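Novice: Listed in order, the protein sequences are those of chains A and B. Position 278, counted from 1, in the first sequence is what our numbering calls 278; the numbers after and before it change by one each time, with no gaps. With the second sequence counted from 1, adding 1000 to any position gets you our numbering.
Some clues are possibly wrong.
Residues from chain A shown here face chain B by an in silico Cβ test under 7 Å; the list is partial [claimed, not checked]:
#  : residue
1  : Arg46
2  : Val47
3  : Asp73
4  : Gly153
5  : Pro167
6  : Ser197
7  : Leu198
8  : Asp201
9  : Lys230
10 : Gln240
These are computed hints drawn from the structure, not numbers from a lab. No experiment lies behind these values; they were computed from the predicted model shown. Ideal Cβ positions, reconstructed from N, Cα and C, are used throughout, including at glycine.
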Amino acid sequence: MRVLVALLAVLALVVVGWAGAGLPWVTGIVVPGVAFAVFVVGFVVRVIRWGRSPVPFNITSVAGQQASLPWIDRSPLDSPKNGFEAALRVAADVLLFRPLFRNTRTKRGHDRHPVYVPERLLWAAALVFHYALLVVILRHLRFFLEPPPPLVGAIDWWDGFFQLTTPVLYMTDVLLVAALVFLLGRRLVDRGLRYLSLPADYFPLFLLLGVALSGLYMRHLGKVDLIAVKELALGLATFQPRVPAGLDAAVFVHLVLVSVLVAYIPWSKLMHMGGIFLSPTRTLANDSRRRRHVNPWNPQVAVHTYAEWEDEFRDKLVAAGYPLDTAPAAAPAATSAPSSESVHA
Amino acid sequence: MYDKGKILTGLVLFVAIVAFPFWWSLASGAEVRVPDIAKPAGETQCLEDAETMRREHMQLLATWRDDVVRLRQRIHTTPDGRQYRKSLTGTCLQCHTDKAASCDRCHDYLDVAPYCWDCHVATGER
């Protein structure tokens, strides 16, 4: 059911895009423009809101030995001791998806005891998906920049290295779709995961699949007029919008899907792209034993320290023969120099 | 806000990255333009209508190649009955004599780099 809701939503968007081909100015210019604005403004607002929410405690998550005595081995990435090491940890999370790499699965061992085995498929699929998407996005720059920068051409060449089919099939396209199918299948096949998954989990997957498949369709089957596509894209990038003749319906389907995806980011789990940098559990250093963290909204409490208390009742304490922290001779009223030896005598 | 400096720097970077095509185009003064493709002199029509050719010439060439190399079928008949030898250099470039001003100009616009010329010559001779 929850799968169907998400699938139907994406199919509805496909229909909207297809029908939207009749209103090229709206679907080709206004929708992408608004979507981009929503994306940027929504993203910034969300990050600023996170930045302003209080972090009362040092809640860093730790998965290794913290820095203590010099002869005790420590793990800088799993228990960063300062901001720099915390930044390294975030970099490893963002670039290598280290947390996913540590996933384990519980299996029943031969003597029926649970054993934990590494579960790295999710890590591999996630890594492949994200990097393939990055390459795909970079490749699209050829539509938005005139002249296209040489770097984009180089990426294009390497991506089409195997020179299969004409026009060449990009490796990243294949990897992207394969990874998405895996990520979707994982949620559908595993009973536990299926129980946990919501439409909001399926929707981005279907949407991304829709984007990828419409793109592949345009390149390999539909044969859209790319000159017209570039004219449209250049018009958007240079703020001189135009709608060239000869744009196919597939282009508008692709555009609507991408627009919805981009505008959906700030309001959804896809916002993890910004959230990772504002997660106190990942970005804070594990230094709570070396630095005092004060809850910023602690009320100002009037404190009366022991030293002050002792001064206040000095006469009475001396009279009663109590041992004092500060010897009477060193007390503020006295004139002679304090002697540290006499303190705890 | 905690770490105001870092968060704002991050946001500025984010906006700069996602808006890259916009500021790049503004900075480089890019204009919307379409490539100016040289039409073959003295000819009036391509193998099929220009619209179809523009979209599907790569597929046509791929089919030609397979036909010639694998099936030894060397003759192409256009929808209106004209016959041509299935040849990249020997047919396409006989009409589109100025490769740089026709094929290349359009390909450069879209950053397409057909690898065919690694082997095939473009001079019009075989």
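Novice: So, for every hint listed, does it hold in this structure?
Specialist: Each hint, compared with the structure:
This hint is violated: A:Arg46 has a C-beta 10 Å from the nearest C-beta of chain B, more than the 7 Å allowed. Restraint check, A:Val47 versus chain B: the minimum CB separation of about 6 Å is within 7 Å; hint holds. A distance limit of 7 Å between C-beta atoms decides the matter here; for A:Asp73 the minimum to chain B is near 30 Å, and the interface restraint is violated. Evaluation of the A:Gly153 hint against chain B yields a held restraint, the C-beta minimum of about 5 Å falling below 7 Å.
Nearest Cβ of chain B to the Cβ of A:Pro167: about 5 Å, under the 7 Å cut. The hint holds. The interface hint given for A:Ser197 is broken, as the beta carbon of that residue sits about 29 Å from the closest beta carbon of chain B, more than 7 Å. Evaluation of the A:Leu198 hint against chain B yields a violated restraint, the C-beta minimum of about 27 Å exceeding 7 Å. Annotation: interface hint on A:Asp201 violated; nearest CB of chain B at approximately 25 Å, more than 7 Å.
Hint on A:Lys230 holds. Least Cβ distance to chain B is approximately 6 Å, under the 7 Å limit. Checking A:Gln240 against chain B: minimum C-beta separation of about 5 Å stays under 7 Å; hint holds.
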